[in-house]
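Student: If you want the building blocks of each chain, they are given just below.
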Amino acid sequence: MSERVLLAHGGGGGLARQLILNEVLPALTNPALAPLADAAVVEGAPRLAFTTDAYVVTPAFFPGGDIGRLAVCGTVNDLAVSGARPLYLSLAAILEEGFPLRDLRLILASVKQAALEAGVVVVTGDTKVVERGAADGVFLTSAGVGSVGRLPPGWGAPEPGDALLVNGNLGDHGFTILAAREGLTFEHPLKSDAAPLNGLVFALLDAEVRVRLMRDLTRGGLGAALNEWVSGRPWGFDVQESQLPFSPGVRSLAELLGLDPVFSANEGKLLAVVHTDDATRALELMHDHPLGREAAVIGRVTEANPGLVVTETAFGSRRILDQPAGDPLPRIC
Amino acid sequence: MRYVDEYREPRLVRELMDELSGLRVPRPLTIMEVCGSHTMALSRFGLRKVLPPEVRLVSGPGCPVCVTPSGYLDQAIALARRPEVILASFGDLLRVRGSRQSLEEARAEGGDVRVVYSVLDALELARTNPERAVVFLAIGFETTAPTDAAAVAQAEDEGIANFYLLTELKVMPPPMRALLEAPDVRVDGFLLPGHVSAIVGWGAFRFLPEEYGAACAVAGFEPLDLLRALAAVIVQLTEGRPSIANTYGRVVTEEGNLAAQGLLRKHFRPVSSHWRGIGELPASGLGLQPGLTHRDARVAFSLKPVQGRENPACRCGEVLRGAITPPECPLFSGRCTPASPQGACMVSSEGTCAAYFRYERLAGSAPLSDRGTPAGANPKAEEVAP
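Residue numbers (the numbering used here), protein chains in the order written: chain A, 1 to 333; chain B, 334 to 719.
Since the hints were derived computationally from the structure, they do not count as laboratory data. There may be inaccurate statements among the hints.
[Said to hold, decoys possible] Chain B regions said to be covered by chain A (calculated; three or more residues, Cβ under 8 angstroms):
id	segment
1	341-348
2	372-383
3	683-695
[Claimed, not checked] Derived DMTMM-like pairs (lysine to aspartate or glutamate); straight-line CA-CA distance at most 25 angstroms:
id	chain 1	residue 1	chain 2	residue 2
4	B	Lys382	A	Asp260
5	A	Lys191	A	Glu241
6	B	Lys382	A	Glu241
7	B	Lys382	A	Glu255
8	B	Lys382	A	Asp322
9	A	Lys191	A	Glu294
10	B	Lys382	B	Glu342
Just so it is clear, CB atoms sit at the ideal spot from N, CA and C, and this is done for glycine as well.
Whenever a hint applies, use it, and build me the whole structure from the sequences.
Tutor: Quick look at the structure:
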């Protein structure tokens, strides 16, 4: 077999089958996928959450992960923050003619690894090959289903006084991609935070923490997520700037380029709005989890500035934290 | 983070804030922050709100994208439409409208417009695309001009024939003089631009206190820098002793960066330049030296001067002169937002309107510098209620 993807690999003939049998199945096999049927037949749950995402990140490999890891974590996290236990994923790949098979194997290996971490199974998939120039290496699409159990009372309805928590350093993924593209290196190396958050989410929900809202902080970062939530609401957010956790590498790059890391993407960070009486317990639960060591309470829900996110600086001045207008950096995930 | 945290040290910042708020100011004062990065930093750190009520802080013409006239964008868009041209630009300029459309829209219609982070990226484009003509949109002040000069020098050395500049470079002292002589603007003191001063040296601004009695401080961009500079200007004015305080001594000297000045002189010459909001000012721009006209996109592509049209409802011009603050423009935050900007000051990341929109819309805590200035008015310092 040639060590590059050929157009014929997408032809539906023998070569296409070989690609599945030699490359995909060894990496991802499981009873639902193995028959290679037109659809996977799986056990269901009474209430399902269902999501899908496309992944076009460039470069496809970056410190802390690759497009395969993202395709699993992104979809798993969308389910988890909706209060669903992720169960099954689909994975579709669009490959550019000439893509190295070695890279495809690395990507499939990290799909396998991330699925293992998340406890999900890839049960169905597809591969298409397009002619050189019609895609950029590899694009992935994954969909996922998860089962929704009992959600805490007050889910979906934040109240003034509720606490805002994040599970760790913000902006790592976006700035890692930026640095990788520009060939920037730092005293404090940057690494993407791509990780499946369902373990952390259910550490909170299983302990009956009264979580009101959860959101994974992907494109647009914390700033975009906060603003989407308050838009048109009778309440707003107060954020303590000094409590926002950032890694030294992200802080350095932000200063160097004049970018606000609050708007930089994450792939393993969530924001949780939690009943004020449960805030300390939620923070402890996060600190006990490997993906929540740097967790912090960063602010409160407030009636004082409805529809607005307001930050207080370390020296007590206050200002609006607004949405950035355009996308400063395309193709980060 | 070293060299940054020291200048944001909360205890020192609070002390200086208290000191500044407590200054006794005997008469209304207007201080202009000339530089767009100062505008942004003052808003981002929430410092406009700590000034004594008698002090009005206005923004000046120091945002390069904002002062670039729409006729220049029209020329750039015309170039982008030519199939042989790759247009290289800083990202900020892409969303600014010319008379009819923006570079972003021209790109969607098929123009080859590339965003670069440095003029050297544009030079690299020229190197790797020898069959195309690469035109770099050279806008900005004395801060960016030396790197443009260095890129031209490198293109000459390496014989890269397909690299051109469409220049709209500007120098800072002339518009400041023009503002002090304008009848509708009154400025008592300036926060002098830190990075421009690093190149030209603070000595280049000596005419401000000497000829116009304006109080000045060269300011850095961190909270402590800005607070110290503001305090210095206010003290000079209350004591009636205008001068230039260099509060950014870790970067700025009296004579400036002589190597950069040499590069500028060798490659550029003073030319007349048009400033949005201020108009045509002699010797306020930089054009390529006569020996370098083969690098000048206007010459190489026989571009005719374009008289651009501005949106008549947009009051960017007055904002850039410090005659009004953004909330006094009827379009501000209604029809004009960063998502659908009507004027350049809302587009640029350094724009005054963008800074006010992003940071200064808090109910009940409008910046003190706006106090007593009814919407649509064209206030002078004397009319500001203490």
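Student: Now tell me if each hint is right for this structure.
Tutor: Okay, the hints, checked on the actual structure:
Only when three residues or more bring their CB closer than 8 angstroms to a CB of chain A does the claim for the segment 341-348 of chain B stand; here the count is 4, and the claim holds. Proximity of the segment 372-383 of chain B to chain A, defined as three or more residues with a beta carbon under 8 angstroms from a beta carbon of that chain, is established by the 7 residues found. Look at the segment 683-695 of chain B against chain A: 6 of its residues bring a Cβ nearer than 8 angstroms to a Cβ of that chain, three or more, so the hint holds. A threshold of 25 angstroms between alpha carbons decides the hint, and for Lys382 of chain B with Asp260 of chain A the separation of about 21 angstroms falls inside it, so the pair holds.
Pair hint Lys191 of chain A plus Glu241 of chain A holds up; C-alpha atoms about 23 angstroms apart against a cutoff of 25 angstroms. Only pairs whose Cα atoms come within 25 angstroms are accepted, and Lys382 of chain B paired with Glu241 of chain A is accepted, the gap being roughly 17 angstroms. Taken as a hint, the Lys382 of chain B and Glu255 of chain A pair is honoured in the structure, with Cα atoms around 24 angstroms apart against an allowance of 25 angstroms. Simply put, Lys382 of chain B and Asp322 of chain A have alpha-carbon atoms about 18 angstroms apart, close enough for the 25 angstroms limit, and the pair holds.
Only pairs whose Cα atoms come within 25 angstroms are accepted, and Lys191 of chain A paired with Glu294 of chain A is accepted, the gap being roughly 15 angstroms. Simply put, Lys382 of chain B and Glu342 of chain B have alpha-carbon atoms about 18 angstroms apart, close enough for the 25 angstroms limit, and the pair holds.
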